[in-house]
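Based on the sequences and whatever the hints tell you, model everything.
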Amino acid sequence: MDVLRFLIPASLFLGGIGLAAFFWTLRSNQYDDPDGDSRRILTDDWDARPKPDTPEDGSGDAR
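Heads up, the sequence shown is in our numbering, so the first residue is 155 and it goes up one at a time.
These aren't lab readings, by the way, just hints derived from the structure by calculation. Every residue gets a Cβ at the ideal spot worked out from N, C-alpha and C, and that includes glycine. One thing to keep in mind: the hints can contain errors.
To be verified - Label-pair restraints from in silico Cβ distances:
#1 D156 - L180: 54 to 64 Å
#2 P163 - R203: 49 to 59 Å
#3 G190 - D156: 49 to 59 Å
#4 A164 - Y185: 26 to 36 Å
#5 D207 - L173: 49 to 59 Å
#6 Y185 - R159: 36 to 46 Å
#7 M155 - W178: 42 to 52 Å
#8 Y185 - L158: 32 to 42 Å
#9 R203 - G169: 40 to 50 Å
#10 I195 - F167: 36 to 46 Å
#11 R181 - T208: 44 to 54 Å
#12 Q184 - L158: 31 to 41 Å
#13 M155 - T197: 58 to 68 Å
#14 R159 - Q184: 46 to 56 Å
In C-alpha coordinates form, the structure reads like this:
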(Lines of atoms letter the chains of each structure in order from A and count residues from 1; the text may use other names and numbers.)
(Lines give C-alpha, C1' and ligand atoms only; values in the text may rest on other atoms or scores of the structure.)
Protein backbone atom coordinates (compact mmCIF):
# COMPACT_ATOMS: atom_id res chain seq x y z
CA MET A 1 0.00 0.00 0.00
CA ASP A 2 2.96 2.32 0.41
CA VAL A 3 3.56 2.12 -3.33
CA LEU A 4 0.21 3.83 -3.93
CA ARG A 5 1.65 7.00 -2.42
CA PHE A 6 3.98 7.08 -5.42
CA LEU A 7 1.76 5.62 -8.15
CA ILE A 8 -1.30 7.83 -7.70
CA PRO A 9 0.56 11.16 -7.98
CA ALA A 10 2.68 9.78 -10.83
CA SER A 11 -0.41 8.69 -12.77
CA LEU A 12 -2.14 12.03 -12.15
CA PHE A 13 0.98 13.86 -13.32
CA LEU A 14 1.27 11.81 -16.51
CA GLY A 15 -2.45 12.17 -17.17
CA GLY A 16 -2.11 15.93 -16.79
CA ILE A 17 0.75 15.98 -19.28
CA GLY A 18 -1.36 13.99 -21.74
CA LEU A 19 -4.32 16.31 -21.26
CA ALA A 20 -2.13 19.38 -21.73
CA ALA A 21 -0.69 17.88 -24.94
CA PHE A 22 -4.21 17.18 -26.21
CA PHE A 23 -5.34 20.76 -25.55
CA TRP A 24 -2.18 22.05 -27.24
CA THR A 25 -3.04 20.06 -30.38
CA LEU A 26 -6.56 21.48 -30.32
CA ARG A 27 -5.28 25.05 -30.08
CA SER A 28 -2.74 24.55 -32.87
CA ASN A 29 -5.46 23.28 -35.27
CA GLN A 30 -4.10 19.77 -35.66
CA TYR A 31 -7.60 18.33 -36.21
CA ASP A 32 -8.92 20.78 -38.80
CA ASP A 33 -9.04 18.38 -41.76
CA PRO A 34 -8.69 14.77 -40.57
CA ASP A 35 -10.12 13.24 -43.78
CA GLY A 36 -8.41 15.56 -46.24
CA ASP A 37 -5.04 13.81 -46.36
CA SER A 38 -6.57 10.37 -46.74
CA ARG A 39 -8.71 11.53 -49.66
CA ARG A 40 -6.07 13.78 -51.18
CA ILE A 41 -3.62 10.94 -51.65
CA LEU A 42 -6.13 9.05 -53.78
CA THR A 43 -6.64 11.84 -56.31
CA ASP A 44 -4.84 11.95 -59.63
CA ASP A 45 -4.18 15.69 -59.45
CA TRP A 46 -0.55 15.12 -58.50
CA ASP A 47 1.85 12.79 -60.26
CA ALA A 48 5.46 11.97 -59.42
CA ARG A 49 6.37 12.26 -63.10
CA PRO A 50 5.14 15.47 -64.74
CA LYS A 51 3.43 15.18 -68.09
CA PRO A 52 5.41 16.43 -71.11
CA ASP A 53 4.54 19.85 -72.46
CA THR A 54 2.44 19.50 -75.60
CA PRO A 55 0.27 22.02 -77.43
CA GLU A 56 -3.43 21.96 -76.64
CA ASP A 57 -4.34 20.74 -80.12
CA GLY A 58 -2.38 17.55 -79.47
CA SER A 59 -0.07 17.92 -82.45
CA GLY A 60 3.07 17.68 -80.34
CA ASP A 61 6.61 18.26 -81.54
CA ALA A 62 7.38 15.68 -84.24
CA ARG A 63 11.14 15.27 -84.31
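Legend entry - Violating hint indices (sorted, rising): Of the numbered hints, 1, 7, 14 do not hold.
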